[in-house]
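K.L.:
Residue-level listing of the chains:
Protein chains: 4
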Amino acid sequence: MNTYGKAFRITTFGESHGDAIGVIIDGCPSNLALDMEFIQRELNRRRPGQSKIVTQRKEPDQVQVISGIFEGKTTGTPLTLVIWNQDAKSKDYSHIANQFRPSHADYTYQQKYGIRDYRGGGRSSARETAARVAAGAIAKQILWQQGIKITAYTSQVGSIKLTTPYQHLDFSQIEQNDVRCPDPTLATQMIECIKEVRKQGDTIGGVVNAVIENTPSGLGEPVFDKLHAELGKAMLSINAVKGFEYGSGFDGVEMLGSAHNDLIYKDESGEARTRSNYSGGIQGGISNGEDIYFRVAFKPVATLMQDQESLNTQGDSVTVTGKGRHDPCVVPRAVVIVEAMAALVLLDFYLRNQQTVEIKP
Amino acid sequence: MNTYGKAFRITTFGESHGDAIGVIIDGCPSNLALDMEFIQRELNRRRPGQSKIVTQRKEPDQVQVISGIFEGKTTGTPLTLVIWNQDAKSKDYSHIANQFRPSHADYTYQQKYGIRDYRGGGRSSARETAARVAAGAIAKQILWQQGIKITAYTSQVGSIKLTTPYQHLDFSQIEQNDVRCPDPTLATQMIECIKEVRKQGDTIGGVVNAVIENTPSGLGEPVFDKLHAELGKAMLSINAVKGFEYGSGFDGVEMLGSAHNDLIYKDESGEARTRSNYSGGIQGGISNGEDIYFRVAFKPVATLMQDQESLNTQGDSVTVTGKGRHDPCVVPRAVVIVEAMAALVLLDFYLRNQQTVEIKP
Amino acid sequence: MNTYGKAFRITTFGESHGDAIGVIIDGCPSNLALDMEFIQRELNRRRPGQSKIVTQRKEPDQVQVISGIFEGKTTGTPLTLVIWNQDAKSKDYSHIANQFRPSHADYTYQQKYGIRDYRGGGRSSARETAARVAAGAIAKQILWQQGIKITAYTSQVGSIKLTTPYQHLDFSQIEQNDVRCPDPTLATQMIECIKEVRKQGDTIGGVVNAVIENTPSGLGEPVFDKLHAELGKAMLSINAVKGFEYGSGFDGVEMLGSAHNDLIYKDESGEARTRSNYSGGIQGGISNGEDIYFRVAFKPVATLMQDQESLNTQGDSVTVTGKGRHDPCVVPRAVVIVEAMAALVLLDFYLRNQQTVEIKP
Amino acid sequence: MNTYGKAFRITTFGESHGDAIGVIIDGCPSNLALDMEFIQRELNRRRPGQSKIVTQRKEPDQVQVISGIFEGKTTGTPLTLVIWNQDAKSKDYSHIANQFRPSHADYTYQQKYGIRDYRGGGRSSARETAARVAAGAIAKQILWQQGIKITAYTSQVGSIKLTTPYQHLDFSQIEQNDVRCPDPTLATQMIECIKEVRKQGDTIGGVVNAVIENTPSGLGEPVFDKLHAELGKAMLSINAVKGFEYGSGFDGVEMLGSAHNDLIYKDESGEARTRSNYSGGIQGGISNGEDIYFRVAFKPVATLMQDQESLNTQGDSVTVTGKGRHDPCVVPRAVVIVEAMAALVLLDFYLRNQQTVEIKP
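Chains as they are written, first to last, in our numbering: chain A, 677 to 1037; chain B, 677 to 1037; chain C, 677 to 1037; chain D, 677 to 1037.
Accuracy of the hints is not assured; some may be wrong.
Identical copies look the same in the list; a pair holds intra-copy or inter-copy alike.
[Said to hold, decoys possible] Distance condition first, Cα-Cα at most 25 Å in a straight line; then the derived DSS-like pairs of lysine-lysine:
#	residue 1	residue 2
1	K942	K999
2	K767	K837
3	K767	K875
4	K871	K728
5	K749	K767
6	K999	K728
7	K682	K942
8	K837	K875
9	K825	K728
Because the hints were derived from the structure by calculation, they are not lab data.
Same shape as in the complex, but just chain A (with noise of 0.2 Å):
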């Protein structure tokens, strides 16, 4: 279903070219005081057409709070956030009606439910994901206010790699180029790439890394909804996503366990802390207090401009042409989706663990 979350839970609604987009926020703590002017600066930063980089389409992406809100603070009822689609070309998609687009969701959705919005892909389309970032904009708020913080950036495009460990990068960096790498250099060989990529009518992927600092021990539940399972959940259910990995990952494999072991001391506070993080903070499904850590690829933008081979709804064989207004590379929107994603992960751990460890004899 449209639903994520259980004690801090949103439902999502509406298509690309419909007549809006929106969430609906349940379980959100009474008598907070919203930032609305963040909220929209988040919804800025994964917004259409901020930069050269990304698809021109215009879209102002504000938002509108239509309940929740008492004298501009929660009530613990549930918030509905509403973003009016204004720049919703759909004349731009008729020649797909009925022609399924390679590697997008057209078919799949035809097969499931025999009958699809064509126009930007309906609600497969990855403008979906504003009305994630306007939730995860309200979790991030909470968060902060427990002290925890998160932190996205692009990590690869196509074959660049930032290769440097999270802890010896200037996150205040990130923020200053428009693909979002705190690495300056690098940010200037991957915006080139993506570029060059463009002119060909072409698309790249990417891989975003994220951190999680200040996380409190005891987040996340043994067995199946372990606190990594969530987050790895969470960020495959973003658009285009095809790997997830998390303290060592897929480099781990290869590492012996003596190596491996993330051994335990006291720190001059007296906390207890490990000397390595191979664990990526989260140990049987638990975070133990140290930084989470993990990465998130994302494949080539499925929409090109160039012809390609396909079917029609009728199952002859045509020629995909393409158009519209695309990215050619999806990660410097996806970054602040994914912070959204994980604050939401989080902070319904947080709120869920209020139940585990309340009650008292």
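Got chain A sorted already, so can you dock chains B, C and D onto it with the hints?
P.N.:
For chains B, C and D alone, coordinates are given in the frame of chain A:
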């Protein structure tokens, strides 16, 4: 919580050294004649002591069904499967009663619950996965009746990698060697590697690949509950997993969209097919009928036969000494767990899908 | 939370005097041509100002669908229905900003959330049920296609009772009078009673009966989610409801089992039928194909045009003075709400049932 | 499904004449020292054979905990409680293998699942409620620690009614007689009535009243999951229940609002209290701190020692002959089940409430 699935819902219970582990299955279709021997055979594939490269704990892992079956058939009521623990040498663990083993869940459980069953890791032990394998064996039987086939195999141990595409492998070789790698030559190397690592009292990681063949199109839900997002969550919920990728995965990042897109054509039988399958059989979170394939990364086992720095529950520095019977590498026994979890995900979507498509005007 | 249903899942939002109220429907089957005029007609049956015996607030209650429809048909994606508030005279409520109205939710919301939108009761207002009626109107359309028909009517206002069994009533009379009682003589008395009560600035309770005809057997789940348990919950979730009984209900308590048991026979068409129907169409929580019927008790409306003793938010004694536009008796407008909730329960089980029965060996 | 609750979630399993019945409890707070003798005492209150007015099946109903406890305390992992069936005389039921007993679940289970365990009603047997009583006994212990007390009692058998308000009853008398009515004179009459009915091979209905004292304000959720809606669902899910009312209930229908409203004042200790309590301790679905009280109607037991008309599974007319050991009236044993379900509802909301209120800016 300890529940997975919506339509075919399993809840597992039990601790490594408690009376028993087991699973309740709610939502199993009625009137099915279950093949109990198959369930046992699957458990045997996960069972400790099955070969020289796994832990030597002696557990027959025999399953008892105490509800939900009548005259050999499922009745639609909850199936309860219990596996009684036999060879639970709890005294092996008395030395860690007050110590946190590095990179285990000891510290995080203590932080979350204020108490932990330290014997063999209690609930955090991978022994819990026997319950999943039993449930997965039932899910597999149902999927087979629909023609869906799931195969997993070891593709990497340490740095020894099987890079052959799955289409060129002989799956009948998988169960012919102790490490469950379909390439006999590599299998021998992997087994040697594991033996060597064990000799040093150390452990090593690995990768399990999986392929799901003959999936109907239309499985999976848009937005949050995408088929690959649920597969990812299910895999990441398995003990020791650090990463998941499907289709082109992390490698797809470096590809151009024009190379990555799976062009669509009509095969001889009139079916829509794709020329390549970088999508991994899933588009927009919904299966398209092509093979689903993915990879799961396992870290090296945390239990070592070496001394390690840690803290005790009083916060004092201690040296944790490795004892007990453990796996030097988890992947040989993980192959069947990966299959089980994949079966649980697939069947759940299969059953949920009935809702969406069956109503007729 | 603000969600009802599993397969056909609705989430309502909005406050009485906020911007709007509305509902998201997730799980609506695709490819349905919705009859929007029918939805509006149902809303008109609940609408304030529809007759002289209900509140005179002027709300057109016109519904806008902002997602989930494409070219007039459902697409399987979330349907979002919004009803913008028009005649929200919030100043009518400024006098209760700091007062707790007796037998309203003012005090409990304040205790639970530490804040409340006092305007018209905010989220606790029965205005929220307009969203349920809109969703129920869609559920009804789908059920009709399966032949299932739901009818509710007023059976009691104060001490004026309609005791005729439903089989002997002329349901076509229900909408012929303002109180929605199928017996015209009693209807006149009920209307007089309501008018008299209003003249005194007072309110009165009532009972709504409902009948569900042509339900297939097999709907409902054993144990906790019995069909009548869900119906009961759904009815009790409607504002002002104090009791629910089905089949023989509270009167059945005094019967002997030999009189109460519904003997089974085969009718002319070869169908299994019962000679009586004290079971109310449900046995063991599952429908048996006979008519389902139940009764719902509504207390007198809490808002009076009289002075009442209470406290303010500072804990001081105050006199609450009745103001605003309110219903002297809730049942005339509640009839359609009862039908809507019944439709939501039935359809949810109908869709869930597909899972159970469709799998074939 | 077979699960109840969100934060304190129970899943029951087992059939009347299978190996065992039992329950998994997921979400039980950790570090609780459970009083196992109390659990057994509660089971004894539900146990068959406990007195001359209940069924004479001999079941010790001894509970075995097979997971979730370590050194006498809960660990936060799933608690599994098993009650092995002992006196399961399945041959008593061979005569109904192919017959549908009137007003039982035989026909509906057959219709829904295409198969049924006919022995003692299988899963539809009230024996399943033993598992609820065991889980409820744990919930009660936790609620007691918070000061919340739940008391149920028999208020009606056939037409013999206890009409005294609960405030004037001596609850210590409840367990002093076999029918569990706190009025000794009426208790004697009720017992006589039950004996008389049994002599005729017949059965009779009854009502159980319940009171929840010392509930904190703020329990329950607005809109669908109102506290009384969940209580209603929980009670209606008990075998043989036909009706539920709380506070003023069906009688409140005839009251004027001016009489029904609960005026609010400040008591000596400065607490907000209401002068009357027609609301039954719940306003807007949320507890206000006053006593919660409600009534539950049970139909006469369907199993009679008389011949009855019915059909067999082939659709032929048959005469069903009463056999086996059954209760002539369900309420004496139902009292503890009502308490158990109330405890499960209350504790679930209690734990869920931690989420809403604990977050601090």
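K.L.:
Reference check for the pair K825 and K728, CA-CA at most 25 Å: within, between, both, or neither?
P.N.:
neither (29 Å within a copy, 46 Å between copies)
K.L.:
At 25 Å max between alpha carbons, let me know whether K749 reaches K767 within a copy, between copies, both or neither.
P.N.:
between (41 Å within a copy, 19 Å between copies)
K.L.:
At most 25 Å between alpha carbons: which applies to K942 and K999, within, between, both or neither?
P.N.:
Answer is between: at 24 Å across copies they meet the 25 Å cutoff, but 59 Å inside does not.
K.L.:
Is it within, between, both, or neither for K767 and K837, if the alpha carbons may be no more than 25 Å apart?
P.N.:
This pair counts as neither: shortest intra-copy Cα distance 38 Å, inter-copy 49 Å.
K.L.:
Measure nothing new, just compare the shortest in-copy and cross-copy C-alpha distances for K682 and K942 to 25 Å and report within, between, both or neither.
P.N.:
Classified as neither: same-chain Cα gap 35 Å, cross-chain 37 Å, threshold 25 Å.
K.L.:
At most 25 Å between CA atoms: does that hold for K871 and K728 within a copy, between copies, both, or neither?
P.N.:
Within one copy only: 9 Å inside, 55 Å across.
K.L.:
Please work out whether the CA atoms of K837 and K875 approach to 25 Å or closer within one copy, between two copies, in both situations, or in neither?
P.N.:
Result: close within a single copy only, 21 Å intra versus 37 Å inter.
K.L.:
Under a CA distance limit of 25 Å, which applies to K999 and K728: within one copy, between copies, both, or neither?
P.N.:
The answer is within: 18 Å in one copy meets 25 Å, while 58 Å across copies does not.
K.L.:
Reference check for the pair K767 and K875, CA-CA at most 25 Å: within, between, both, or neither?
P.N.:
within (24 Å within a copy, 60 Å between copies)
Checked against the numbered hints above, the structure violates hints 2, 7 and 9; every other hint is satisfied.
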